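J.: Chains as they are written, first to last, in the UniProt record's numbering: chain A, 1 to 269; chain B, 1 to 269; chain C, 1 to 269; chain D, 1 to 269.
Quick caveat, the hints were computed from the structure, so don't treat them as lab data. It should be emphasised that the depicted structure is a prediction, and the values quoted were computed from it without experimental measurement. All C-beta atoms, glycine included, are put in the ideal place defined by N, C-alpha and C.
One side of the interface only, derived from the structure: several residues of chain C facing chain A at Cβ under 10 Å: (1) 96; (2) 123; (3) 126; (4) 127; (5) 139.
Label-pair ranges, simulated between beta-carbon atoms: (6) B:51 <-> C:52: 17 to 23 Å; (7) D:249 <-> B:180: 54 to 60 Å; (8) D:236 <-> C:217: 55 to 61 Å; (9) D:233 <-> A:253: 57 to 63 Å; (10) D:253 <-> B:135: 37 to 43 Å; (11) D:233 <-> A:119: 56 to 62 Å; (12) B:217 <-> A:124: 53 to 59 Å; (13) C:253 <-> A:137: 35 to 41 Å; (14) D:217 <-> C:117: 43 to 49 Å; (15) D:21 <-> C:160: 39 to 45 Å; (16) C:160 <-> A:137: 29 to 35 Å; (17) B:135 <-> C:21: 16 to 22 Å; (18) C:120 <-> A:22: 50 to 56 Å.
Protein chains: 4
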Amino acid sequence: MCRWAAYRGIPIPLEQIVSAPGHSLIDQSHCASQAKTATNGDGFGIAWYGDHAEPGLYRDILPAWSDCNLRSLARQIRSPLFLAHVRASTGGATSRDNCHPFAHGRWSFMHNGQVAGFDRIRRKLESALSDRHYACRRGTTDSELMFLLALEFGLDEEPEGALAEMIRFVLTTAEAEGLATLVRFTAALSDGERLYAIRYSTDSHAPTLYSAPMYGGNGHCLVSEPFEDTAAKWQEIPAGSFVTVTDGGLSVRAFEPVSPEPVRLSEPA
Amino acid sequence: MCRWAAYRGIPIPLEQIVSAPGHSLIDQSHCASQAKTATNGDGFGIAWYGDHAEPGLYRDILPAWSDCNLRSLARQIRSPLFLAHVRASTGGATSRDNCHPFAHGRWSFMHNGQVAGFDRIRRKLESALSDRHYACRRGTTDSELMFLLALEFGLDEEPEGALAEMIRFVLTTAEAEGLATLVRFTAALSDGERLYAIRYSTDSHAPTLYSAPMYGGNGHCLVSEPFEDTAAKWQEIPAGSFVTVTDGGLSVRAFEPVSPEPVRLSEPA
Amino acid sequence: MCRWAAYRGIPIPLEQIVSAPGHSLIDQSHCASQAKTATNGDGFGIAWYGDHAEPGLYRDILPAWSDCNLRSLARQIRSPLFLAHVRASTGGATSRDNCHPFAHGRWSFMHNGQVAGFDRIRRKLESALSDRHYACRRGTTDSELMFLLALEFGLDEEPEGALAEMIRFVLTTAEAEGLATLVRFTAALSDGERLYAIRYSTDSHAPTLYSAPMYGGNGHCLVSEPFEDTAAKWQEIPAGSFVTVTDGGLSVRAFEPVSPEPVRLSEPA
Amino acid sequence: MCRWAAYRGIPIPLEQIVSAPGHSLIDQSHCASQAKTATNGDGFGIAWYGDHAEPGLYRDILPAWSDCNLRSLARQIRSPLFLAHVRASTGGATSRDNCHPFAHGRWSFMHNGQVAGFDRIRRKLESALSDRHYACRRGTTDSELMFLLALEFGLDEEPEGALAEMIRFVLTTAEAEGLATLVRFTAALSDGERLYAIRYSTDSHAPTLYSAPMYGGNGHCLVSEPFEDTAAKWQEIPAGSFVTVTDGGLSVRAFEPVSPEPVRLSEPA
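Working from the sequences, and respecting the hints, build out all of it.
T.: Here it is as structure tokens:
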């Protein structure tokens, strides 16, 4: 279970979300004394938008809480749109290439969740990538691969549709292998203009997602779990949601990549 | 609160203590789901004795659980005498030089505990080092400094006396500064022949220390906390103890660097 | 241009080959003042055989010369059979997974050379791997992939034949893509019993390979370039050679994966 | 011999000085094929001024050329005033705390040079620090210590005088120990407003320093060695110079911390 936070609004120093003591992502990542929470010490990353179309990217394999560089960068860098992630590996190496966010052109992407039986369908999923996106594969995570598949399926043109198709493809592939069809997927992504997020699961355990307005409504923050010691009014986003944050504010609509009942993916479509 | 394990006995692969799944130091260090335990993700280290008088040393700043090198080394290296440590920093940088064990000549040393007000007496303590030992100071931890002070005070000749004098010196220095005189000190050290350990505190909260015979009594293991899923018969070492492990087995005697009552360190000795 | 050294013979501390000052791999890797030599600062690795069938593996992304762990390990670890490598990346990330040697089961492998147009045939080469070996792909280098292909083609049963088939397959794949068919390949590998090496190129620039007897003929060292300040009697291995080192000594025979003239790989086999 | 570059002028992306291909600090640091140049692969750092009085700081122990984070940061961060450094250790550990630039409050500092016999006077120099600055000592380099001594001697009030006094103090201390009195010191530093640099040596081998106007005179760059493939008109700064860059441009005046002849530092002043 990783944790992440994303922000879109008036430009703010990243530290206000990433590293401020008492109510930030880093602070949250280390509270190992809470019985229900895992430690997120397997690397971290930030992606932020500035003067360029493509995001800046800073990722490393240390625990976020012990990286003095991250603290300084989060204090100095101001941005109107950024993603931040702390990783708890459930398998797979701790390497920079496996750290979120992932970036491709103007897109950035990060994720919390899982694909049941990923190791057994990884190769089939990779074979669906065009040469162009296959060449961009750097690490071994399911998250990076789902991001590349979404790009393959038209993220640039229609984000919601591309993500839905990606999830359907993962499920169909798993089913074709005779595996359980379980995808839990709570993700944030951006093209540098809009901030998108999804909370979805094929079962009833979609990883949590919360939103809160900030700075008098001039900004919005999305998080996998609310920060604890903060005045922000966190609202839970229901499972099966697609979130869009623009200048006009935050909107949520239903996200149903597959018909919820009855799921019979092996039937002819 | 760091955690450590030390072994002396018939040569065994380090992995049996360091990284075996279910009952090893690494496994123990990551169990963040236990409400009472802190994560030990701020670096790790091993010191082991082989063909040379001085120990081998391998330390790094990653969490121990994500270091594939450590796993391979622990599997390949056999040793009759070794120390292993996972660090939970309570302040201070995560750097290799701040990772335990520390080594000097044939000695190795690691520690779990604290010195109240260390930042305010650090300089005075460092000034007590001879040029020779001052030049060996690499990091900024209290632990490394206490090791160098013990060397200064005759660790080579009389380990127990040197450690007692070191603790007295720390307390006297703190008192002279008008600080609380609190030292908690649970440590293991070796000269390549014997394995020593101390459990001590000026208050009633000496960090825990346990021992267990292994391999039919042909080895002894000392740990800051018992491994959980293991058949070893762990015995708690009482606070105020000095432990020695030799070919003849494990012996414990009282360790009282200062008279327990009343503490009046500023009086002429 | 990476550099490497391999040893088989009476057990010696790795440092005698890896890190001894004045005539070792590390020393050699840093001599940037020599006009003709590149710096090999993009990671390093050692694989050695001890008590287990599979080798120990220690790799990191620092320059070898600044890694104090490597120095201590090379001093402590004795082995009758080991490989050591310092990397000069010609592209691709500096990550542990891209550092040589690579290990798989009892095999270890390291390489100096290149495949022309690798990026354009990488996917085709990967698709020739069975699921079992595909799942073992960790990094993005041509070297790791050539090792996995050799395993695929029967390295376990017939090393020379498997390596020859791998090289033919790479060439055939490149030709099918209309690319230049250039492979330069100077590599060392071991199954824990024998030490093998190849010096080969499709053109006249096969990366160099030298051998020297050591310890009165009780050991043999293979290196990509001779150490400079040493009494060892280095002998150049000619291009197009397959080297085998066993208890019986070192033997060299011709290695010709493709008929040298005329190369007409596109003809039906 | 480290290398560094510093810039003050209209805000520019750091990459134009730090990482642009063909004529930047990173590119320069890796040209090991040049017979006369050392490799600078022992860590790197950047310090830059933005919205805050104190600089941002990003340092790491990898070679600069292989750090993808540095490339992204240098592309995204714009600043009117920054320092960048690639390190070639002449001894001492490769750790973040030993990487330049060093920062303290609003000051940043980096250095290329040496102090003869530093190991033998390090302790005496450290003992001249007040408790406040002593507590800020993180690493073990001569460079960091000279920076702290300059702060001790009034860098905040009178930079040139404080640096001169620092150099005199180092020389006096060396002489008192009966050591050769050799200081080579080419450094850049800033308080966030002005950019300062010094080129100085007690002998005739002051490490080089060059300056060039940029962006039509709206910026100035100072470098330890000129970039090679660039249109900038580099001018050598003579040994014994103190350089100041302000909005008004670049000015150079003589810097003579000690009377050049005859040096009789042990005489009463």
